[in-house]
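Asks: Chains X and E are the protein sequences, given in the same order.
First residue of the first sequence? That's 136 in this note's numbering, and the numbers climb one at a time after it.
First residue of the second sequence? That's -15 in this note's numbering, and the numbers climb one at a time after it.
Mixed in with the good hints there might be a few duds.
Result set (SDA-like, lysine to any residue): computed pairs, CA atoms no more than 20 Å apart in a straight line [as the list claims (entries may be wrong)]:
hint: 1; chain 1: X; residue 1: K304; chain 2: E; residue 2: Q103
hint: 2; chain 1: X; residue 1: K304; chain 2: E; residue 2: A141
hint: 3; chain 1: X; residue 1: K304; chain 2: E; residue 2: P97
hint: 4; chain 1: E; residue 1: K112; chain 2: X; residue 2: V288
hint: 5; chain 1: E; residue 1: K112; chain 2: X; residue 2: L151
hint: 6; chain 1: E; residue 1: K112; chain 2: X; residue 2: F302
hint: 7; chain 1: X; residue 1: K304; chain 2: E; residue 2: T114
To be clear, the hints were calculated from the coordinates, so they are not data collected in a lab.
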Amino acid sequence: MPSRRQTIVLGRLAILVAVVLAWEALSRLGLVRTFWISSPSLIAARFAELAGQGEFWFHVYVTLSEAFSGLVAGGTVGIALGLLVGVSRTAGPILEPFVIALNSLPRVALGPLLVLYVGIGFASKFLLAFSLVVVPVMLNTYEGIRSVDQTLVNVMRTLQATRAQLFFKLLLPNAVPWILSAMRGAVSFAIVGAIVGEFISAQAGIGFLIDEASGSFDTTGIMVPLLVLMALGYALDCAIVAASRRLLRWRTLQLN
Amino acid sequence: MIMQGEYLIGGAASAHPGGGKGRPAIEIDRLHYSARDRHGRDVRILEDLSLTVAEGEFLAIVGPSGCGKSTALNFIAGLAAGHQSGSVRALGRPVQGISPGIGYMFQTHGLLPWRTIAQNVELGLELKGTPPAERAAASARLLRELGLAGFERHYPAELSGGMRQRVSLARTLATDPALLLMDEPFGALDAQTKLLVQDGFVAFWETYRKTVVFVTHDLAEAIFLADRIVVMSARPGRVKAQYAVPFARPRRLAAIRTDQAFSDLWERIWLDLEDEARSSMQGVAHA
């Protein structure tokens, strides 16, 4: 009898193998034309070819550096603004409608405007990733500050906490779970920002590769960078989850 | 058969301390307080509340839900402000802002979940800037006395409800407050745990004899723990009656619960409380 953990791992492997085999079978048996769906073996062969070339990894590096810098800058500014607005009794209500309006705007649509302002280089992709990341991180951080249990605030007050102590020892640690979950969601936003920026106009990056491949109807050429991107995004997500586990150890402990 | 007035102290407006000794630790004089509800109407919360607590006295306050018991505690602690008239003095000073020297234990444990048990107990000392070695010594001593030795490095999520409440007590005591305010601190515990925690707490209190104001809706708890019991009226809250608790210390729960005087006093207070509880329930129904 396998343990629950083993069942989960086996289940995942089964799904992965089934999808790859079905995909390969569909194209080998000619049920769907390879032109439309490529095939795992074609993708693997192309990846092996591209992986040996520095150029492919340069494009990967360009996209990741755009996404990652947008993530870090957007995260930092978002956390700072969220903390500020959460702590201040007046700044929050004043800024709230603007933040919500900005959040309802489909921010990828800012892309053309950003290209117009800062050109087709790194800056437009960085800013697009930044704009996608900053608002949700800010809203989550704000929520993390506001969600504090009033009893805990009263505990701090009756123990004579200063305002700074209230912030650093209660409000900030209380917001950490919210901040971490926002950063996790922000990873995919940052990648979306970088790729969409490259679609609009670029000279390098994964979005650029995909755009080029689609211009020559090269399905395999579209799918290889997509899958590489998926793998990298997945790895980044795992890293954030592992960091959360460490930082939030106190949440997972239970009485046994 | 209930002996009329056997344990009753004075009238409703009497401000005399029953048990305890020495100068008053708390003096509330004709306190009036009303607050706006969400419809903008004035709701009178406390009306002409007068209460004196002697140094070293254990006072229990019972009353129907929403009668302003917790509000009264908040006024003593300095957490509430904006009363319309009257005065509140604690530890010989008028209360303005958060009063130093007061420990407040809330209905929920209020432990910071990301801090270990020892770090939670040391919180008040840490905020005051006490050196780490001194803090560690204080928390180790308190945790030992409250039967929690060995749990220093655990997190609150790993403890049972009764243990968390004891940690909360340890945190409240760590700063060595002269006055303890306790707002239904054992109210959330299951019946058996509550009896054990009460028994432990009474022994602890009998050792240190700090002034305590203990809000509860559990009459048996009030009788078992306190020197004197104040019954508050339904909102707007004021003192309706006061009772001296006749049991000698040290007290043990098992002995007191079987005493005839315990059930007499219980019934006597319940008669007072019943009317108020009813009118409080009607008040809720009309609101």
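Asks: Each of the hints needs a verdict: does it hold here or not?
Replies: Status of each hint after checking the structure:
no., hint, in the structure
1, K304(X) to Q103(E), "holds, 11 Å"
2, K304(X) to A141(E), "holds, 18 Å"
3, K304(X) to P97(E), "holds, 12 Å"
4, K112(E) to V288(X), "holds, 16 Å"
5, K112(E) to L151(X), "violated, 57 Å"
6, K112(E) to F302(X), "holds, 15 Å"
7, K304(X) to T114(E), "holds, 16 Å"
The structure is inconsistent with hint 5 alone, although it conforms to all the rest.
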